[in-house]
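J.: Keeping their order, the protein sequence lines are chains U and A. In terms of the working numbering, the first sequence is numbered consecutively and its last residue is 716. In terms of the working numbering, the second sequence is numbered consecutively and its last residue is 53.
Incorrect hints may have been included.
Unchecked claim - Taking lysine to any residue pairs in the SDA-like style, the calculated list, with each CA pair at most 25 angstroms apart, reads: (1) A/39 - U/234; (2) A/39 - U/478; (3) U/684 - U/619; (4) U/231 - A/43; (5) U/231 - A/17; (6) A/39 - U/502; (7) A/39 - U/158; (8) U/231 - A/52; (9) U/154 - A/52; (10) A/39 - U/583; (11) U/333 - A/43; (12) U/333 - A/17; (13) U/231 - A/37; (14) A/39 - U/284; (15) A/39 - U/238; (16) A/39 - U/538; (17) U/154 - U/270; (18) U/657 - U/185; (19) U/231 - A/19; (20) U/381 - U/442; (21) A/39 - U/239; (22) U/669 - U/622; (23) U/576 - U/652; (24) A/39 - U/299; (25) A/39 - U/287; (26) U/231 - A/38; (27) U/231 - A/41; (28) U/154 - A/17; (29) A/39 - U/605; (30) A/39 - U/657; (31) A/39 - U/442.
Stated by the list, open to error - Examples of chain U residues toward chain A, derived with CB under 10 angstroms: (32) 87; (33) 89; (34) 160; (35) 226; (36) 239; (37) 240; (38) 241; (39) 517; (40) 529.
Just so you know, the hints here were simulated from the structure itself, not pulled from any lab data. Beta carbons are placed, not taken as given, at the ideal position from N, Cα and C, and that holds for glycine.
Letter by letter, the chains look like this.
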Amino acid sequence: MSRIEQFQYDNRITRAFGMASFIWGSVGMLVGIILALQLIFPVLNATSTGLEFLSFGRLRPLHTNAVIFAFVGNGIFMGVYYSLQRLLRARMFSDRLSWIHFWGWQVVILCAAYTLPMGITTSSEYAELEWPIDILITLVWVVFGINMFGTILKRREDHLYVAIWFYIATWVTVAILHIVRSIEVPFSAFKSYTVFSGVQDALLQWWYGHNAVAFFLTTPYLGMMYYFLPKAANRPIYSYKLSIIHFWALIFIYIWAGPHHLLYSSMPDWVQSLGTVFSIMLIAPSWGGMLNGLLTLRGAWDRVRQDPVLKFMVVAVTAYGMATFEGPMLSIKSVNAISHFTDWTIAHVHVGALGWNGFLTFGVLYWLWPRMYRTELYSVKLANMHFWIGTLGILFYAVPLYWAGWTQAMMWKQFTPEGTLAWGNFLDTVTQIIPMYAMRVFGGTLFFVGTLLGVYNLVKTGQKGNFLANEDAEAPARQSGKVVLAVGEHWHRWIESRPIQMLLFSTILIAIGGIVQIFPMVFIESQVPKIASVKPFTPLELEGRDIYIREGCVGCHSQQVRPFRSETERYGEYSKSGEHIYDRPFLWGSKRTGPDLARVGGKYPDSWHYNHMLDPTTMSPGSIMPAYPAMLDNELDLSDLPNKIYALRKLGTPYPKDFEGKAIADAKKQANKVAENLKSQGVKDEGMENKEIIAIIAYMQRLGTDIKAQKSATQK
Amino acid sequence: MYKYLLQSVEGIQWFGITALLIFFTAFCVAFLRAALSSKDDMQHMANLPLDDK
Chain U
1 MSRIEQFQYD NRITRAFGMA SFIWGSVGML VGIILALQLI FPVLNATSTG LEFLSFGRLR
61 PLHTNAVIFA FVGNGIFMGV YYSLQRLLRA RMFSDRLSWI HFWGWQVVIL CAAYTLPMGI
121 TTSSEYAELE WPIDILITLV WVVFGINMFG TILKRREDHL YVAIWFYIAT WVTVAILHIV
181 RSIEVPFSAF KSYTVFSGVQ DALLQWWYGH NAVAFFLTTP YLGMMYYFLP KAANRPIYSY
241 KLSIIHFWAL IFIYIWAGPH HLLYSSMPDW VQSLGTVFSI MLIAPSWGGM LNGLLTLRGA
301 WDRVRQDPVL KFMVVAVTAY GMATFEGPML SIKSVNAISH FTDWTIAHVH VGALGWNGFL
361 TFGVLYWLWP RMYRTELYSV KLANMHFWIG TLGILFYAVP LYWAGWTQAM MWKQFTPEGT
421 LAWGNFLDTV TQIIPMYAMR VFGGTLFFVG TLLGVYNLVK TGQKGNFLAN EDAEAPARQS
481 GKVVLAVGEH WHRWIESRPI QMLLFSTILI AIGGIVQIFP MVFIESQVPK IASVKPFTPL
541 ELEGRDIYIR EGCVGCHSQQ VRPFRSETER YGEYSKSGEH IYDRPFLWGS KRTGPDLARV
601 GGKYPDSWHY NHMLDPTTMS PGSIMPAYPA MLDNELDLSD LPNKIYALRK LGTPYPKDFE
661 GKAIADAKKQ ANKVAENLKS QGVKDEGMEN KEIIAIIAYM QRLGTDIKAQ KSATQK
Chain A
1 MYKYLLQSVE GIQWFGITAL LIFFTAFCVA FLRAALSSKD DMQHMANLPL DDK
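Using the sequences and the hints, build the whole thing.
T.: Listed below in C-alpha cells is the structure:
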C-alpha cells in the first residue's frame, strides 16, 4: 500500500478565472447589444460626432473577441484549473505560472479592448489582433501548457480521465492554429500583412476560424461537460466507451471542416467538397457526445426540475446538439447557397455561444461558487429566474434572425416573370428585416439581464460564505510513475496513462487534415490560375484598402460574387481566384449586411462615394451604414507606404525594384487625379487630395475592374 | 523552390484517399478499443470525477 500524501487544491485561481469570465462576458454581451441597436438606429454609430471607435465596423470584432476569448476563454481556464487538479489528485504545477497565465490573459484582453476600437486589426475573423499581441498570446499559451503538463506529470492518479484528453487536444491544436494563422510580416510597430494572399489566405483563415470554434468553443467545453455534468448529477458519465470514440472521431474530423465557410467561392471544388463531406460526418461524434451527456441524467430527471445547475447544463448540451446538427446541414451546398452571407449564420453561432458556452459556463459557476465559498447558493429562485430569462433570451435572439436570414435570402434570389431581380435595390432587402433586428435586441437584452442576475447571485453567495482558498485533499502517492499493464490490458490504457504520447497522437491526427487541405493549395501553383490583367494595387489604392480594413468594412460587405444568376445579375461576373492573388489579407467577408463590393469599381462616380461616406442616406435613403465624415477631414498618412510596399514586394507582389522610394509620389499623383475628378463632378471642398476619402475612393473604384480591362482588350 | 518539389511528388492526388484511410483506421482502432475494453476498467475511469475527494 502506498503512502498517503496530504496536499491542497488551489481554489483562488479557479475563482479568479470565474470572475473574469463573468465580468468580460457581461462586457462582451453589452457590446453585442450596442451593435444590434446600431443596426436599427445607425445614429448610434456616433461617427458623425467624431467617435469613430464606436462604429459598428470597429466594435464588431471587439464583441466577437470578448465573447470568445474573454468570456469563454476565462471560462475554459476556470473549468480546467478546477477539474484538472482534482482528476489528477494534485495541486497545479506552479502557483506562479497559474498567476502569470491569469494576468497575461487579462493583459491580452485589455490590449484587444484598446486596439480593436482604434482600428488596429488584421481583419481576419477571430484572429484580428495584430502581431505584437499575437506574440503575447503565444507566450501566455506556452505558460498555460507548461503548467498543465507539469501538473499532469506530477499527478497521483495514474489514468487520465477523458476530460483531460480534451484539454490536451485543445492546448496543442489552439497552439498550432494560432501560430500558423499569425504568420505575418510586420510593416510597422502595430501593423502587418499576411504571408499568404487571396484564396490561400482564405483557406488558411477558415481552417483557423472554423477550428477556433472547434477547439476553443467546443473541445474544452466538452472536457468540462465530461467532468462537471457527472459531478452535478452525482453519477458517472453514461458511457465511457462512447466518450473514447467521441474524442478520437471528433478531433480528427473537426479539423477538415473549415472550407464549408467558402462554399461557392473561388476556392477549388475539391477543397469545398472535402469540407462538406467532413462537416456532414461531424454529426456522428457530436451527437455521440451530446447523447452521452443527456443520458448521464437517466434516472435523475426529477432533479433537473429542482436544480438550476442541471437545468443550465441540460439546455447547454441540447443547444450543443442543435448547433452541431445545424452546422452540417448548413455545410450542404444547396442549403449554404441560401444561408450564407445572411443572418442565419448569426443565429446559428448564437445558439452555440449563448446556449452551449453561455449556459454551460453559468451551470458550472452556480455549481462551483457555493462549494468554494462553503455555503448554499444565495438564491435558488434567482438562479431559476436567470435560467428562464436566459432561455427566452436565446429564443428571442435566434428565431427572429432565422426568419431574417431566410427572408433576405429569398428576396436576394427572387426574379420577376420578366427575368429581372424582384428586389434590385439591395437596401429593400435590409429594411424588410429591421423588425427582426429589433426583436433580436429584445432577446439579447433578456440574456444580458439574466447574466446580471447571475453576477448578483454569485456576489451575494460570496458575501455570505467563507472562501476556501486552499482545499485540503489526500491521495496515495504514485508509486513509480509508471503504469504496469496486466496481461490482457489494452494499448489504450497505455496511452491513457502517458500524457506525452497522448499529445503526440492528438497532434498527428489534427495535423493530417491541415496538411492535406492546405499544402496542395499553398504550394502547387496550378491551384490558383493567374489572370494576366490582374495587377497589384497602386500605392494609393493600398492605403485605401488599409483604411477599409481599419474601419472593419469587411464585417458587413463581402467581396465574393458567387456563381448564381441572382448574384451575377445583381453584382456582375462571379469572382475568380486569380483576381485575389494580391489580396493580403483576403477580404471576402462572411456577412452581407450591405451589398457585395467585389465589382463596385466603376459602378458609381467618385462623387457618389464622396457623398455616401459623408452621409450614406443622401445616396441611399434608409441606409443603415454608419456615416464616415471624418474620412473627409482626416489627413491621409502616407508615412508607412514605403514599408508597406517593401513588405509586399518581399512577399511576392510584383512591384518594380525600388518602387518603395517612388510610392509616395505615385500615391500623391493619383490622389490629385481623383481630387480633380471630384471637382469636375461638382464637389467643391478644398485640399481633398490630402484626405483619407481620396484613398478609399481610389480603392473602391479599383475593385473588380481588372478583369473588365482584360475583356475590353480582348474585344479590341 | 519547394513549390516545384511538391509539384513533382508523384501521386500527390492520393493524399486525400490516404487521409481518409488513416481516419478510417484510427476510427476502427478507437472503436475496437472501446468495444473490447473491460467493464471494470470503464467503470473505474468513469468514476474518476466522483472519487476526487
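J.: Now tell me, hint by hint, if it's right for this structure.
T.: Right, here's what the structure says about each hint:
1. A/39 - U/234: holds, 20 angstroms
2. A/39 - U/478: holds, 24 angstroms
3. U/684 - U/619: holds, 18 angstroms
4. U/231 - A/43: With a Cα-Cα distance of about 15 angstroms, the restraint between residue 231 of chain U and residue 43 of chain A holds, given a limit of 25 angstroms.
5. U/231 - A/17: Not satisfied, since the Cα-Cα distance of roughly 42 angstroms exceeds 25 angstroms.
6. A/39 - U/502: This hinted pair holds, its Cα atoms lying about 22 angstroms apart.
7. A/39 - U/158: The given pair, whose Cα atoms are some 18 angstroms apart, holds under the 25 angstroms limit.
8. U/231 - A/52: The given pair, whose Cα atoms are some 10 angstroms apart, holds under the 25 angstroms limit.
9. U/154 - A/52: Distance ~16 angstroms between residue 154 of chain U and residue 52 of chain A Cα, so the pair holds.
10. A/39 - U/583: Roughly 56 angstroms separates the two Cα atoms, so the pair is violated.
11. U/333 - A/43: violated, 43 angstroms
12. U/333 - A/17: With Cα atoms ~22 angstroms apart, residue 333 of chain U and residue 17 of chain A stay inside 25 angstroms; holds.
13. U/231 - A/37: holds, 24 angstroms
14. A/39 - U/284: Holds, at roughly 24 angstroms.
15. A/39 - U/238: holds, 13 angstroms
16. A/39 - U/538: Violated, at roughly 68 angstroms.
17. U/154 - U/270: Violated - the C-alpha atoms of residue 270 of chain U and residue 154 of chain U are around 46 angstroms apart, more than 25 angstroms.
18. U/657 - U/185: It holds: about 19 angstroms lies between the C-alpha atoms, which stays within 25 angstroms.
19. U/231 - A/19: violated, 38 angstroms
20. U/381 - U/442: holds, 23 angstroms
21. A/39 - U/239: holds, 11 angstroms
22. U/669 - U/622: Between residue 669 of chain U and residue 622 of chain U the Cα gap is close to 36 angstroms, so the pair fails against 25 angstroms, i.e. violated.
23. U/576 - U/652: Within the cut-off at roughly 20 angstroms; holds.
24. A/39 - U/299: Status holds; Cα separation ~21 angstroms.
25. A/39 - U/287: Cα-Cα ~23 angstroms, so holds.
26. U/231 - A/38: holds, 23 angstroms
27. U/231 - A/41: Cα-Cα ~20 angstroms, so holds.
28. U/154 - A/17: violated, 41 angstroms
29. A/39 - U/605: violated, 75 angstroms
30. A/39 - U/657: violated, 70 angstroms
31. A/39 - U/442: Answer violated: residue 39 of chain A to residue 442 of chain U is near 50 angstroms, above 25 angstroms.
32. 87: At 6 angstroms from the nearest chain A Cβ, residue 87 of chain U passes the 10 angstroms test, so the hint holds.
33. 89: Holds - the Cβ of residue 89 of chain U comes within 10 angstroms of chain A, reaching about 7 angstroms at its closest.
34. 160: holds, 9 angstroms
35. 226: This hint holds: residue 226 of chain U lies near chain A, its Cβ roughly 8 angstroms from the closest one there, short of 10 angstroms.
36. 239: At 8 angstroms from the nearest chain A Cβ, residue 239 of chain U passes the 10 angstroms test, so the hint holds.
37. 240: holds, 4 angstroms
38. 241: holds, 4 angstroms
39. 517: Holds: closest Cβ of chain A sits about 9 angstroms from residue 517 of chain U, inside 10 angstroms.
40. 529: violated, 15 angstroms
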